[in-house]
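Construct the entire structure; sequences and hints are all you get.
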Amino acid sequence: MAKTSHSSLVSRLDALYEYDREPVTQKDLHGWKIFWATFAGEHIAGTEFVIGPLFVLHGCSATAVLLGLFIGNLLAVLSWAFVCAPVAVRTRLTIYWQIRRLGGPWLTVAYSAVYGVILCVLAGSMLRVSMTSLALPLQHGFGTADLPQWTWALLALGVGSVIAVLAVLGFEGMAIFSKMSAPWMVIVFFVSAIATLPLLGCASLSDFWRVANEQIWTGVTALDPSTGKHFAHYTIWHVIGFAWLCNMPQHFGMADLTILRYARKWQMGFCSAAGMYLGHYCAWIASGILCAAAIKQGILPSPGPIAYLGAGLTGAICVVVAGWNVASPTLYRAGLALQVATPNWSRWRVTLVVGAAMIVCACIPALLAHLDLLLTTNALLLLPLGAFIFIDLWLFPKLGLRSNYAEHTRSPISWPAGAAWLLSMVISVIAFSRGADPIFLVLPEWIVAVTLYVAFSALQQKLRPAPVPAAASV
Amino acid sequence: MKKLLKLLSFAALAGMFAASWMVFSGALSRPTYEIVALSGTVIWFGTVPFWMKRRLHASE
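Residue numbers (this note's numbering), protein chains in the order written: chain A, 29 to 502; chain B, 516 to 575.
Some clues are possibly wrong.
To be verified - Here are some, though not all, of the chain B residues that point toward chain A, as calculated from beta-carbon distances under 10 Å:
#1 522
#2 524
#3 526
#4 531
#5 532
#6 537
#7 538
#8 548
#9 549
#10 552
#11 559
#12 560
#13 563
#14 564
#15 567
#16 568
As the list claims (entries may be wrong) - Residues of chain A placed beyond 12 Å of chain B at every Cβ, according to the derived structure:
#17 54
#18 422
#19 490
Stated by the list, open to error - Among the chain A residues that face chain B by a calculated CB cut under 8 Å, a handful are:
#20 211
#21 225
#22 228
#23 342
Derived by calculation from the structure, the hints in this document are not laboratory data. Positions of the beta carbon are idealized from the N, C-alpha and C atoms, including for glycine.
Now the structure itself:
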């Protein structure tokens, strides 16, 4: 009975991703233009209104932000170009099928469940971003920025329900709208920051560096309203580390195999520079400027109010659009990932249940204040699997080990992958509980995961060699 | 017609950009800049559906 339900679970998950089972064919490959546009559009979202201010609140200096973001984003671009893209063009498979081949079907079930939960929380944070803008009329009505919790809950319920219904009914329409709004959002970020600089005493370009040091990134940490303590101080190393790890699940974690498998050449991984330098450089700097101006004006530095300060109603609309654009497809993908864990529920029912979880997450005020921690946790959870894909493809043949061992042996789960994933995360959790900054745990976790995976795989393949291959492994 | 609408879309964005620079240099008041930004937004979303391709990106 148990075996039947297990195989049914796996076959349902396989069926969900059936369309992407085969490697992308030559005729479906895309050129440079679409990758520039895809990356530029994907990395300008509601979170940019939150992350930029975090560097101000965490007391970064101007040099730490401007130089640290430049270096961190460069590392991210290089990771896409030299780690993710070469795997993508070599295998032409999604991350799902790549994990399936090396880790077996049960590892894909675990990956989907973890990924689904993460997406659910991220959708909640996007919803919260939109709510900060939609709460502006209420704040005017109540005459205070500090709205009672029940109003946030009502907002979350109202707006979240619309997003959930849109995710069920019109995911494609939302994706097209997202594509259309991307260039406008970039401009809104730019113009908001430029028009806000005079509020900080910056009257000319030659003033900028002085104002940046004295008014924006002053090196002084702000008070965290959710804990009553000051935010931790961030140095240039934190900024570099965060800019790099922010999209770790996409590049080192290999989630962007799904996009880059359509690339004609691995060099198209460099197109990620469009997203990094427009979204994670310019937009983060712009929102940092808005945050500093808001603090100076006595305005709460949350996305809605700072955008309203920057561009009036246009800024407020931008926050709503930026939040919705990401929340709806994120919710759709969360539903897809978690559909496997339900007793044959339809897509709409799963998406609505996931939507309810998103609404609950959006009611947590600390979600935005600690978005950096949330994104770091996301990276720590998903990073090891990307590391296994990379090592399995490039290092195993050089070590005389068989790639995609689980596929060759038809194992339901690769214990080396499962154990290395679990142990590397346990070690990170222990280090975190002993006071290690999670931003600096990402690279050590990658090294631990890889070392354990190689050692366990060598042991496994020595004890039980894989059968002679019927076809060449990719 | 499509070219004209495309031109109008980007002119709207350029107008928003120019208005922000004028605020920065003290040549335009903030309320006027906010009206220009909102007008640019309306023009962008009013014109872009007519010329931007509805085909989704590689991943979608």
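Hint validity - residue 211 of chain A Cβ closer than 8 Å to any chain B Cβ: holds, 7 Å
Interface hint outcome for residue 564 of chain B [beta carbon to chain A under 10 Å]: holds, 7 Å
Given hint residue 524 of chain B near chain A, where the shortest CB pair must fall under 10 Å: holds, 8 Å
Minimum Cβ-Cβ distance from residue 490 of chain A to chain B exceeds 12 Å: holds, 39 Å
Supplied contact hint for residue 568 of chain B, tested at 10 Å Cβ to chain A: Cβ of residue 568 of chain B sits 9 Å from chain A, so the hint holds.
Residue 526 of chain B as an interface hint toward chain A, with CB separation required under 10 Å: violated, 12 Å
Beyond 12 Å from every chain B Cβ - status for residue 54 of chain A: Consistent with the label, residue 54 of chain A stays out of reach of chain B, its closest Cβ about 14 Å off (over 12 Å).
Supplied contact hint for residue 342 of chain A, tested at 8 Å Cβ to chain B: holds, 4 Å
Satisfaction of the residue 522 of chain B interface hint, Cβ to chain A closer than 10 Å: Result: violated, 14 Å to nearest chain A Cβ.
Hint check: 10 Å Cβ-Cβ cutoff, residue 560 of chain B to chain A: Because about 7 Å separates residue 560 of chain B from the closest Cβ in chain A, which is inside the 10 Å limit, the hint holds.
Hinted contact residue 532 of chain B with chain A - closest CB pair below 10 Å: holds, 6 Å
Hint check, residue 549 of chain B versus chain A [nearest Cβ-Cβ separation less than 10 Å]: holds, 3 Å
Taken one by one, the earlier hints fail for this structure at numbers 1, 3 and 22, listed in ascending order.
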